[in-house]
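Let the hints inform the model, and build the full structure from the sequences given.
Number of protein chains: 2
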Amino acid sequence: MKTLGVIGGLGPMATVYFMQLVTEMTDAKTDQEHIPMVVHSLPQIPDRTAYLLGTSTENPVPQIVECGKKIENTGVDYIAIPCITAHALFDDIQESLETPVLHIIRETADYLEREGVRVVGLEATDGTINAGVFQKELEQRGIRVVLPSEEKQKMVMHIIYNNVKAGLRADMERFQLVETELLVKGAEVIILGCTELSMLSRDEKIGHGYLDAMEVLARAAVLNCGKLKAKYQRLLT
Amino acid sequence: MKTLGVIGGLGPMATVYFMQLVTEMTDAKTDQEHIPMVVHSLPQIPDRTAYLLGTSTENPVPQIVECGKKIENTGVDYIAIPCITAHALFDDIQESLETPVLHIIRETADYLEREGVRVVGLEATDGTINAGVFQKELEQRGIRVVLPSEEKQKMVMHIIYNNVKAGLRADMERFQLVETELLVKGAEVIILGCTELSMLSRDEKIGHGYLDAMEVLARAAVLNCGKLKAKYQRLLT
Chain A
8 MKTLGVIGGL
18 GPMATVYFMQ
28 LVTEMTDAKT
38 DQEHIPMVVH
48 SLPQIPDRTA
58 YLLGTSTENP
68 VPQIVECGKK
78 IENTGVDYIA
88 IPCITAHALF
98 DDIQESLETP
108 VLHIIRETAD
118 YLEREGVRVV
128 GLEATDGTIN
138 AGVFQKELEQ
148 RGIRVVLPSE
158 EKQKMVMHII
168 YNNVKAGLRA
178 DMERFQLVET
188 ELLVKGAEVI
198 ILGCTELSML
208 SRDEKIGHGY
218 LDAMEVLARA
228 AVLNCGKLKA
238 KYQRLLT
Chain B
8 MKTLGVIGGL
18 GPMATVYFMQ
28 LVTEMTDAKT
38 DQEHIPMVVH
48 SLPQIPDRTA
58 YLLGTSTENP
68 VPQIVECGKK
78 IENTGVDYIA
88 IPCITAHALF
98 DDIQESLETP
108 VLHIIRETAD
118 YLEREGVRVV
128 GLEATDGTIN
138 AGVFQKELEQ
148 RGIRVVLPSE
158 EKQKMVMHII
168 YNNVKAGLRA
178 DMERFQLVET
188 ELLVKGAEVI
198 ILGCTELSML
208 SRDEKIGHGY
218 LDAMEVLARA
228 AVLNCGKLKA
238 KYQRLLT
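Going down the list, the sequences are from chains A and B. Positions in the first sequence are counted from 1; adding 7 to them yields the working numbering. Positions in the second sequence are counted from 1; adding 7 to them yields the working numbering.
Source of the hints: derived by calculation from the structure; they are not laboratory data. Hints should not be assumed to be uniformly reliable.
A pair holds if it fits inside one copy or across any two, identical chains being indistinguishable in the list.
[Said to hold, decoys possible] Restricting the straight-line Cα-Cα distance to at most 25 Å, the calculated cross-link-like pairs of lysine-lysine (DSS-like) are:
no., residue 1, residue 2
1, 143, 238
2, 143, 236
3, 161, 238
4, 9, 192
5, 192, 161
6, 36, 159
7, 9, 76
8, 36, 161
9, 159, 77
10, 234, 161
11, 9, 159
12, 9, 77
Written as structure tokens, this is what we have:
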């Protein structure tokens, strides 16, 4: 049994849901078979998208690294960051920490490659899309990425910031419009590429054809630190 | 804004749900308005009920205190332990820590006193019932406690250990039998006095007349560390 560190609070509910997924995916019949976790949930870390788009000059990396070092000092084996946008800054974070940080985007790209997916749709923040990490990792594996149009991307951002982060229910009508567009563009699978969008796969009936990147991260954490329940070998809805 | 420490993993899903409740109950429109948390989830801490009943000699207190000290060293303002059974050992834990630990049983008793409740039913582990902390705190406030019969108490333990801790759905037929007995005995409200039972109020339709002690703890944590949403002023279902 290994210990999992979590740099959390980005956002806070995504961190809770990530921990829930890790707990649910662990093959355990008693408390004692579960994975120990050290979690620092610091919602005050500056907004990642605002920094990546240049609308804020507050770099979140120093606080993420400081948080990671505190977790590292307690003696964890792996660190997870349940915030996809932060992975645009992954190299700056990993190079300041000694503990291996699980990379949610690479894990997702690896998973899709193993599943033989050729074209994926991507729903993510402007920050993530702009940084291009998903596109780079997927294209390196021969997977083509289709993105929402400008108008549909605004709908994705609305759902993330005005709905989920505000503690409100997601606008499922707009969500459906984004889905339709990505399917028409040829997506075989749509990546929920923002941990706030994972809340939709928890709370709403979103139907088939989605891959929740946060589930991929939770699965990777369990595979590295504990024992995975057989039914979570495959994640595609 | 204050920082909340959480001694967790007792059990692991209860910790996740506690963090979810704290997040949901916080009046916040952005990530940055949420309460920072430092959580050590250590499911390997020995079983509390087994120790309290003398079926195990492994005292969980040293590990709980060690975990609490690590959390304390990061500079938290309050500590919560989302495990009711552990509160039978509260004094041993609090005297080894400098940070105030929120007392889930006292908070629950205070809440019921303010609500003017006169007779409560209690569903909890054998360890908690045997330790008598709920009974003492409630009776001090003039509230009479009714307990399940031996047969019904076995049903409560079955639900906690063989269902919830085993990751299975709760046996709602047995749950209903316990409810009926406690109501016949005069309970105006039934306390869900084990954090594993709180999972039922999350996942099942349990109806009116329950007070989930974990919700009381989450509410107390938010009142102490952040800003409570108005709708969580009252918790009785």
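query = Can you name, in rising order, the numbers of the hints this structure does not satisfy?
reply = 1, 2, 3, 4, 9, 10, 11
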